[in-house]
Amino acid sequence: MATKTPEQINEDLLRPLSVVSPRYFVALAIFLAVVIVAGSMFGRQIYDGLGVTGLNRPVFWAFYITNFVFWIGLSHAGTLISAILRLCNATWRRPVTRCAEVITVFSLSIGASFPIIHLGRPWLAFWLFPYPSERGIWPNIRSPLLWDFFAINTYLIGSVTFLLLPMLPDFALIRDRASGFRKRVYGFLALGWRGTPKQWHRLETAMHIMAIAIIPVAVSVHSIVSWDFAMAPVPMWHSTIFAPYFVAGAIFSGIAALIIAMAGLRKFLHLQEYLRPIHFQNLGKLLLVMSLLWFYFVFSERLTGWYGNEKYEMSVFWVTQRGSFAPLFWTMVFCNFLLPVPILAIKKLRTITGTVIASIGVVIGMWIERFLIIVPSLTRKYLPFSWGTYRPSWTEIIITAGTFAAMALLYMLFAKVVPIIAVWELKAGQSVEREHLETILAASEAEAGAD
Amino acid sequence: MGHQWGMVIDLDRCTGCEACVVACHAENNIATVGDKQAAGGRAKHWIRVERYYEGDFPDVKVKFMPVLCQQCDAAPCEPVCPTFASYHTDEGLNGQIYNRCIGTRYCANACPYNVRFFNFYNPAWDKPLDLQLNPDVSVREVGVMEKCTFCLQRIKAAEIEAAAEKRDVKDGEIQPACVQSCPTNAMVFGDLSDPHSRASRMAASSRGNKLMEELGTRPKITYLQRESWNGDENA
Amino acid sequence: MPPVEKNRMQRRDFLKISAITGASAALDACGSPDHQLIRFIPEEDLIPGVATWKPSVCTVCPAGCGLLVRVMEGDAEVVRNGQLGLMQMGLAKKLEGNPAHPINQGKLCPRGQAGLQVTYHPDRIRTPLMRSGARGSGEFKAISWDEAMKRLMAQLSSLHSGNSHGRLVFLTSSLRGQRKNIAVTFTGAFKNSQYVEFAFFDERVVRTANAASFRHDAPPTVDLSQANYIISFGANFLGTWNSPVAQSLGYGQMRQGRPGTRGKFVQFEPRISQTGANADEWFACAPGAEGLLALGIAHVLIADKLRPASSAGAAGELVEGWSGGLAEYAPEKIEAQTGVKAETITRIAHEAAAHAPAVALIGDAAAAHTNSLFNTVATNALNALLGSAGKPGGIQFGSVWNSGSGKSGVQESSGAAAVQALAAQLESDPSSVGALLIYGANPVFATPAAWRVRQSLEKAPLIASFGSFIDETSILADLILPDHSSLESWIEDTPDSGSVRTVVSVAPPAMLPLHDTRPMPDVLLDLAHELGGNLATALPWKTYDDAIQADFAALYKEKGSKDAKAADDFWSNAQQQGGWWGPEEPAAANEPGGKSTAVPVKYAPAQFDGNPGEFPFYFMPFPSQMLYDGSLAGLPWMQEAPDPMSTAMWGTWVELNPSTANKLGIKQADLVEITSQHGTLRAPTMITPGIAPDVIAMPIGQGHESFTRYASNRGANPISILAPISVAGTGALAWAATRVKISRVGEGSVILFGASLREESPDLKHR
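Protein chains in written order, with the working numbering: chain A, 1 to 451; chain W, 452 to 686; chain V, 687 to 1453.
Keep in mind that the hints were calculated from the coordinates and are not lab data. Note that the Cβ used here is the ideal one computed from N, Cα and C, for glycine as well. It cannot be assumed that every hint is accurate.
[Unchecked claim] Every beta carbon over 12 Å from chain A, so not counted as near; a handful from chain W, in silico:
#	residue
1	488
2	540
3	578
4	585
5	589
6	594
7	614
8	646
9	668
10	681
[To be verified] If you anchor each label on the Cβ, the simulated ranges turn out as follows:
#	chain 1	residue 1	chain 2	residue 2	range
11	W	621	V	1431	45 to 53 Å
12	W	613	V	730	50 to 58 Å
13	A	397	V	763	42 to 50 Å
14	W	621	V	1244	57 to 65 Å
15	W	573	V	768	28 to 36 Å
16	W	681	V	1088	54 to 62 Å
17	W	621	V	734	24 to 32 Å
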């Protein structure tokens, strides 16, 4: 990167927009097929009813809500992380921010669809909108689900803005280099960006405001998601630790998702020179901190529960520690802690491969964590006579798989339309801090060894 | 008016016969779900008789406890509903307005007593079993929650009749289907705001307590504990 | 609560909407055959939305509870003169107890509630049927009533005139009132005929013993409401035995109905029943040792001078060695045989003596061992000794109204032995039975396979069934002449227990019939008139309701009435309140000092089929709380109502003790094979602490091969593998006298409503 000219940067980063390999189409077709199958399963679910799932009494929430929390959690990858890095002026962030913010927008959209997918009567989901309805009532503002509705929508709007703003100069760049129809489309998207100092100034100011504003919104979103559970008097749900625990878990899984996405982009879009080991190392360190923090939360949650020895909580506690959910629980501990911590703590292992392995573990582990927060409590809710079990149906499994495919699909499409690394930010970083950056990069790369 | 409907269940009388369970099905148009759905944990019994074994053979003891919606005054099911489908009526009941329900099932999770039931499929009655349906009770469609209403249709009918006759509802005039059928008279229904109603007086019994009251739900059903036999006292 | 805005619909909107919906409804009607049905003239006097309550009588078990049927207006598809159409009519919506009825006093058990589904059952036979395929194939074709009657007449007239060799056999369930009188008289008018009554739970042993001890051929009316001490030997009196609603009413009163007094209840049985689950003390006694226990308690009462032996009167003298003080039944001597500790027996005897009135009951499996006549007579003697025979707080017998005086000299037999004899006869000489009429009984399902009832019925020349369903027995019929449901027909009942008052229930039809069916008594009366001769004189009534009215005229003549001046009033009052009940005057249970004509009985150990080495477990079938004897298995409400003890739905199961399961390597819900000397069945297990380690128990009721869409091919039928042995001295099937072995087949499944068997109950005491 140190030796790249602005023209080379343009070339490298805009290449994926014009060059498409056959492998891309194959992958696209596969993901699209999975999404279509999942969509048709959802269609059948609407037609027949939620009976096609494995839900029952008393396990009324399971895979869909797990997916909801998981995807909303992943969304913290981007906007929150990039906003923090922006505010901290971490210069290494520049190639990372956009791919992070895209994760946010897509995973938030996917996550937000789950409360609708999981509804008994999804065609009435619009009743959550506060509008003067013919029913003569407003939504119930006391319901955490309504808080979700507002928080997620706010976060989604904020994230989209946060993503779109710094894309304007890049759209303009593409507009200037394209012709015909593409020129018209990108011209429209660029919203008349001409690169005047005034525009640059306004963009910087807007980004700064957004970066500050989005952080509390992001924190509130996952806090509110946690309150979906913590507000209900269900054993092991009704906990004061849930909000920070969920936020930490969200950032944790978000970073992991970002590392995986970056590694994918690096490989498939040949961005080795832009997404460098240093990025993975730095994100790896962040992931390590979050892993330790996650463990701290789980430990203190479990410890206080166990020490309190309240009988209803204990029946949930033991079914996760030793009972039928124990295999999942210990898998989660392995994936979220035992696996990533050594990899990320030992400098030699904190390579790109290492961080990706740790991240895959974390993503799996965090999905299981959400499942374990939701389901065991419901299977062991108070009166033992009405305890239950849960087994997902194929519909739930396929719809879950479909959302992962949808994420990949959206990401692939996005990377073909917009430079996944912010071109102007990279250039700006280079021109402003070239010398400074060079010394840092040289030093850290010598430290980390060759890629 | 200001009725506060409540119930007293004497566990010393309850024999676990489940007459209440079937009476409730008949009165409230509760659909049977069939063996496959029942195996999946989707059977709907607005009232159930919980059975607990204690001890081992031969010193085994059994306890029966009918559990239905406790019509809590501080019901966890109510605030969580985003559409006010689950709400508190003026007469202290945990109402469930089926038409408002969009099926988040949040109320069912929040309910500590697991007395809320979900329509995983559209209910079906093989013809002509549909002729048994009670016209006073609506049939719930797929995707909505349903629960014990304390036989609201009977309460309303009695209140309307009393209003027409310009009087108050008499104590004992209203009997939910479960109370009506109970062969041992283990259940008593009445107005808890009237200190002289039979239910109020029985609820004040020293044997009375409430199910999982420690959760702060303020249930309106009082359970009278089973007694043990004391020969000398009875002699 | 959110503010609800008033719905403000403009008149114009309303017109628009009604135009649209009207048009769509009209279009809809073109497409759907449902809406092309003709409409019959609606029933009069119906106000839509307003309920009326009509009396009726519950017929799902012999208890004879009174019903109030909630009737509301509705549209039903009905058949009139062979034409299907829609009719606006009163429809039964709910069955409730009749508060005026002396037996159930406004209460109703789960089975009674579900009786409604018989009327609306989708698999009810809707029209007369004639067999069109091989016997048992289940292939029938619909025929008209004229055709059906003609076919039946052809056979009956040749039998009646004596042109044809062979007897008329009428096989029914336990009938009462004019319904029975008509059936018996009809049968008896045939020179060569036999009337056989069969029900699986017919209390035959208890009846026989009561006839011997107290000269009442009836089950006891138990006055639990005033009892202070209840000793029950296996009787599931709060569940299915005898008159469960009446007994439950008394039980509630016994527990908490008398301020300051709470009676005690002790149950002895090898497997905890729903009733035993409510006992203050539950003891697992050895199967067949109940009589020993009764006499052990009696011995203590006599030996400790708590009661003189002579106070038991004739009931006591029936037990050999009674006057000698029953020394051989001393608690220490019977401890090993009964499995109950001597000090327990002594303590219970002293408690019972101190807490009069004390009452002893026996029933269900305890009355279905080979020695159960002894067990029951011994229990009767204990009751007499405790001073509770014929007394409040004890067992009593009301006087039973006997409909119809005309006993026509028919050969009348009842019980399992009679069915066995019939089967044997058919097997050896099928032509000896000219025609077999079947009403309400399902002997193919409810008798041991070893009796080969199915195979023998297959040989019968003509079988005509009046059944409402195709079951294992009626599937063999050549002709099916479907009866009305009990809600659609006149009904009369004269229950012989449950109240000390004389009860004659009566009710007109609660609703019009849905299908092309006819009441069985009316069919018999029609046949009688057509056959003429002695039949026309013996059965002078045109219709069944005429016959009931005549019965009430006779009842009025004999009993009179305080609240009605004329017989007409008597009759209409009875119809209005659901029957006539006499004053409370229990018949004397026994005449003190009077000599019983019966022969004294003495103890013999219960015999069990199968040697203990090869078949190590006692096999205890038990009545199902929901399905009773299996006759209710076709009702979806009953299938889905959880069994009180196991919480199982939609299936059957086998109960065994955890230690037994452990020893055999059997886990919860494993599929096991139960083998007796007479057959094998498979079912999933239910491991429960409430059963003795040497006992395996199984509910009766499932395992139907053909009985509606809800019950067919579901679970297993324990009756099928029972040993064909009877209770000595009674002719009743000893259905608790079979030994079995058990082996694991593989994993199975059982549908439970309750989650866990072993969890502690929530501590309600915690405040």
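Violated constraints from the hint list, given by number and in increasing order: Hints 1, 6, 9, 11, 12, 14 and 16 are the ones this structure does not satisfy, whereas the remaining hints hold.
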